[in-house]
Amino acid sequence: MAPSLGMYVHVPFCSSRCGYCDFNTYTATELGKDVRRDTFHEVLVDEIRYARSVLGEDPRPVSTVFVGGGTPTLIGSEGLNSVLVAIRDEFGLAHDAEVTTEANPDSVDAAMLAELLDGGYTRISLGMQSSAPAVLRVLDRTHTPGASVKAARTARDIGFQHVNLDLIYGTPGETDDDLRRTLDDVLTAGIDHVSAYSLIVEDGTPLARRVARGELPAPDDDVMAERYVLIDDALTAAGLHWYEVSNWAETGGECRHNLAYWRSDDWWGVGPGAHSHVAGERWWNTKHPRTYAERLSSGSSPEDGREVLDEEQSHTERVMLGVRLAEGIAVSGLTVDPALVTEGLIAPDALVGGTIVLTRRGRLLADAVVRRLLG
Amino acid sequence: MPANAPAPKPGRTEPSVIRNFCIIAHIDHGKSTLADRMLQQTGVVEERAMRAQYLDRMDIERERGITIKSQAVRLPYRAADGSDYVLNMIDTPGHVDFTYEVSRSLAACEGAVLLVDAAQGIEAQTLANLYLALETDLTIIPVLNKIDLPAAQPEKYAAELAHLIGCSPDDVLLVSAKTGLGVNALLERIIEQIPAPIGDADAPARAMIFDSVYDTYRGVVTYVRVIDGHISTRERIQMMSTGAVHELLEVGVISPEPMPAEGLGVGEVGYLITGVKDVRQSRVGDTVTTERKGATEALGGYQDPKPMVFSGLYPIDGSDYPELRDALDKLKLNDAALIYEPETSLALGFGFRCGFLGLLHMEIVRERLEREANLDLISTAPNVIYRVVRDDGSEIVVTNPSEFPTQKVSRIFEPIVKSTIILPSEFVGTVMELCQQRRGSLLGMDYLSEDRVEMRYTLPLAEIVFDFFDALKSRTRGYASLDYELSGEQEADLVKVDILLHGDPVDAFSAIVHRDKAMSYGTMMTSKLKELIPRQQFEVPIQAAIGSRVITRETIRAIRKDVLAKCYGGDISRKRKLLEKQKEGKKRMKMVGRVEVPQEAFVAALSTTEPPKK
Chain A
1 MAPSLGMYVH VPFCSSRCGY CDFNTYTATE LGKDVRRDTF HEVLVDEIRY
51 ARSVLGEDPR PVSTVFVGGG TPTLIGSEGL NSVLVAIRDE FGLAHDAEVT
101 TEANPDSVDA AMLAELLDGG YTRISLGMQS SAPAVLRVLD RTHTPGASVK
151 AARTARDIGF QHVNLDLIYG TPGETDDDLR RTLDDVLTAG IDHVSAYSLI
201 VEDGTPLARR VARGELPAPD DDVMAERYVL IDDALTAAGL HWYEVSNWAE
251 TGGECRHNLA YWRSDDWWGV GPGAHSHVAG ERWWNTKHPR TYAERLSSGS
301 SPEDGREVLD EEQSHTERVM LGVRLAEGIA VSGLTVDPAL VTEGLIAPDA
351 LVGGTIVLTR RGRLLADAVV RRLLG
Chain B
1 MPANAPAPKP GRTEPSVIRN FCIIAHIDHG KSTLADRMLQ QTGVVEERAM
51 RAQYLDRMDI ERERGITIKS QAVRLPYRAA DGSDYVLNMI DTPGHVDFTY
101 EVSRSLAACE GAVLLVDAAQ GIEAQTLANL YLALETDLTI IPVLNKIDLP
151 AAQPEKYAAE LAHLIGCSPD DVLLVSAKTG LGVNALLERI IEQIPAPIGD
201 ADAPARAMIF DSVYDTYRGV VTYVRVIDGH ISTRERIQMM STGAVHELLE
251 VGVISPEPMP AEGLGVGEVG YLITGVKDVR QSRVGDTVTT ERKGATEALG
301 GYQDPKPMVF SGLYPIDGSD YPELRDALDK LKLNDAALIY EPETSLALGF
351 GFRCGFLGLL HMEIVRERLE REANLDLIST APNVIYRVVR DDGSEIVVTN
401 PSEFPTQKVS RIFEPIVKST IILPSEFVGT VMELCQQRRG SLLGMDYLSE
451 DRVEMRYTLP LAEIVFDFFD ALKSRTRGYA SLDYELSGEQ EADLVKVDIL
501 LHGDPVDAFS AIVHRDKAMS YGTMMTSKLK ELIPRQQFEV PIQAAIGSRV
551 ITRETIRAIR KDVLAKCYGG DISRKRKLLE KQKEGKKRMK MVGRVEVPQE
601 AFVAALSTTE PPKK
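If you're matching them up, the sequences are chains A and B in order.
The opening position of the first sequence corresponds to residue 1 in the numbering used here, with each subsequent residue numbered one higher.
The opening position of the second sequence corresponds to residue 1 in the numbering used here, with each subsequent residue numbered one higher.
FYI, nobody ran anything at the bench for these hints, they're computed from the structure.
Think of the CB as a built atom: it goes at the ideal place given N, C-alpha and C, for glycine as much as any other residue.
Treat the hints with care, since some could be wrong.
Said to hold, decoys possible - From the derived model, a few chain B residues whose C-beta atoms are all more than 12 Å from chain A:
no. : residue
1   : 257
2   : 400
3   : 562
Said to hold, decoys possible - Computed list of lysine-lysine pairs in DSS-like fashion (alpha-carbon distance at most 25 Å, straight line):
no. : chain 1 : residue 1 : chain 2 : residue 2
4   : A       : 287       : B       : 577
5   : A       : 33        : A       : 287
6   : A       : 287       : B       : 575
7   : B       : 590       : B       : 577
8   : B       : 277       : B       : 332
9   : B       : 277       : A       : 287
Stated by the list, open to error - Some, not all, of what chain B presents toward chain A, calculated at C-beta under 7 Å:
no. : residue
10  : 563
11  : 568
12  : 570
13  : 574
Here chain A stands alone, though its shape is the one from the complex:
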């Protein structure tokens, strides 16, 4: 069976820049007058049409769409809806397609959410990060602590079946109690999905500079491990099970678009700096929105680089990504060091059934397990 085809759409705009973020996104001041937000969806539509021409006779409809950023809601519901129209026109959407957009708690309201629901969006992902004001300040997030939970409830109320809240834990200054309160809030929002990421201090970010200057302590891995356990316990108790190292959901609430990444399925990435993976090849677009738009308007590809995966690389990726999933990966083709079981890193019962599934300790040491599996 051919893998499913997904589509990622990148909206490279933010109203302000968060100190921890190294994503490909720009504020209005950074972009100047050359790139217009209000018509940027037209450029994205251009790439969707270009994708159609490249994929030619590929008969697959798009089964998942994920609009991320940046802050996708900055191009408005009209912009977001017109992108979806283009995908439907060019590729067709599967009848059960999952269509997600990320949203900033500050920049969505009930009216906008209703328009998105009407336009065909099925899932909303909100960047909550934390309930603790001090933590939000370190992260430079502008929303008030209650805004995310409120936005999530609104989304549920007007008819979105699937709503996700993104959390960041281990931020300098965060306490166990901050995290507990955050989790309590999350669980009152009535959502069916939580992503929780330990804070990564990325090179070149303002946060990295603050840590380097000693203004903030570097995150501690032992603390991260304890917080992860705290999160896993709380969410599991509330009926959200882990299905990927950093993702928990009610049954049926798993994000199918993201699962496609970890299952090494096919997807096309639309937008500046977006990555694609189709038929064993990866490529990525030029990062700056202006260059990106110029390329497309002159009728050329926005691609910036490409790699064809050889067999070993494909294998490496399959193991590295698949092992992060609760469904695990097949043992066949791998040599499993029995010590991985005795050290409590992979589940013995699943192994008997021919599948490698990480224990909770194993999830925390997943990269080490991958290295040992790949020898």
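We have chain A already, so just place chain B on it with the hints.
For chain B alone, coordinates are given in the frame of chain A:
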């Protein structure tokens, strides 16, 4: 110089016009620059062919500004009195490790130019070499160099030199080798004061080897000073220490390029080429005679070079082992003192146990291996040679901590040195404290001038090989200088400290130390390693132990998190590349039992400087 009168020819030079001298100087006091100036002022090198430090051939010498191999240059010179002379300038190595070579160079001379920086005064190595020259009865010509420097204090240091050699401060020549000022006066002083060589021209030939250098094209070039008789190309020569006979392919002098000659007579200095390929067959200090009607009695003073400091040298990339072996084999041709044998370390793989004259010799060898053979090397902490007497009276010589007996021994002896330290008087207290810590005993102390002191200590060599010089420099803000010479051995209470990682000893970290120092060595290594070894999936104890008794312990806690939180579309290539890099890195990991130790941790743990934070 007038061109009409030909200079005296090698092999036919009257001893009475010969002056053999060397220059005794500290690193950076301007010996090479003075030599350059002499080459120019005697006219043997034309102005336009001149280059800085003309006589230092090896790159490493020019870069570090030190002279490792001595050379001899014949300088024909017409003096102010109108007579022609031949000056043989013998360049001596300037470092403590090469005291024996220095002594042989001195023995080839009748006089020495004592060259001292007029802004710094005499340093310990110079002083030690001066004493050596005085013992050899050389005529000393005191010279202050760099008098053009604003910081020069000629009166102060002239008084210092006068006090040391027992002359008047007015006898000290003032020179600037850089500008050439006073160099002519120095040449004249050499003619006037240094005695001409005396020897028996009719006696069987005897020439002393004072240097021996391997040349890729010519094989070994041997530098000699003829004491008695005559050496000529027509006769085969014999090495008196071994009795080995060689054809004489070429005899000549360096002036300053090699010039073949018919022979060398009494008092002359020149080179011999016999076609041998290894400097071990033509050793410094040996006596050369003729095969036919040869001398029966060798000149005195010959010694076999004796390595005193040992260290394991390993290629960082294990596959470079054959290259390391070839490079050592090649280096050995030019270094009679270097010894080595294959050694295997659990932690470091295949390498060589090498023996050196001292620390500088070790550094030079390592640097040449790295530079000339393009190798990345790691060396274990240096140790000295020990004599161990077992309970049954039998003796073993230990050059490697792994050979140290585990059972009880009756006595252990370690080499000791007599050291000279020259320092500003304000630092006397702190240096005494340092020497105390290093188990030194004070032999004596003298003021060289009102604010400079010469201290003499007996110290265990082992205490000097381990960062003593760095400690001395840092305690005296760089002002102290050090020299030492071996002076026998002493009994000492020594133990072997092993470092255990997760219960497994790491051979490269074992050390023989004084019992009182065992704890501090153990603590230093365990805390260093705790910083350097990445956390593993299990808890790793790091222990220091004497035999089975653990004396100190650190613990590396088990790692709890090793997973990248986020991994979506755009992260995948990046993460795969990171993984591929980690896999590459894992190949450079050494397994000590179950513990993965990065190669860099060994390198950093074995370096004497502060380890970088993990």
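Report task. Test the statement that residue 562/B is away from the interface with chain A: the closest C-beta pair must be farther apart than 12 Å. Result -> Check fails; 5 Å does not lie beyond 12 Å.
Query raised in the report: Can we confirm that no CB of chain A comes within 12 Å of the CB of residue 400/B?
Result: 35 Å, holds
Query raised in the report: When you check the alpha-carbon spacing of residue 590/B and residue 577/B, does it fall within 25 Å?
Result: 22 Å, holds
Requested in this report: Could you grab the alpha-carbon distance between residue 277/B and residue 287/A and see if it respects the 25 Å cut-off?
Outcome: Since the Cα atoms of residue 277/B and residue 287/A sit roughly 64 Å apart, the hinted pair is violated (cutoff 25 Å).
Requested in this report: Starting from residue 33/A, check that the Cα of residue 287/A is at most 25 Å away, please.
Outcome: Within the cut-off at roughly 17 Å; holds.
Query - Minimum beta-carbon distance criterion (7 Å), residue 568/B to chain A - result: 6 Å, holds
Query raised in the report: Does residue 574/B pass the interface check with chain A, least Cβ-Cβ distance below 7 Å?
Result: 10 Å, violated
Query raised in the report: Minimum Cβ separation between residue 257/B and chain A greater than 12 Å?
Result: 57 Å, holds
Query - Status of the residue 570/B interface restraint (C-beta, 7 Å, chain A) - result: 4 Å, holds
Query - Hint status (Cβ of residue 563/B to nearest Cβ of chain A, threshold 7 Å) - result: It holds, given that the least Cβ distance between residue 563/B and chain A is near 4 Å, below 7 Å.
Query - Straight-line alpha-carbon gap residue 287/A to residue 577/B, limit 25 Å - result: Holds, at about 20 Å.
Query raised in the report: Keeping to a limit of 25 Å between CA atoms, is the pair of residue 287/A and residue 575/B held or broken?
Result: OK: residue 287/A and residue 575/B at ~19 Å, within 25 Å.
This entry does not satisfy hints 3, 9, 13, going by the numbered hints stated previously.
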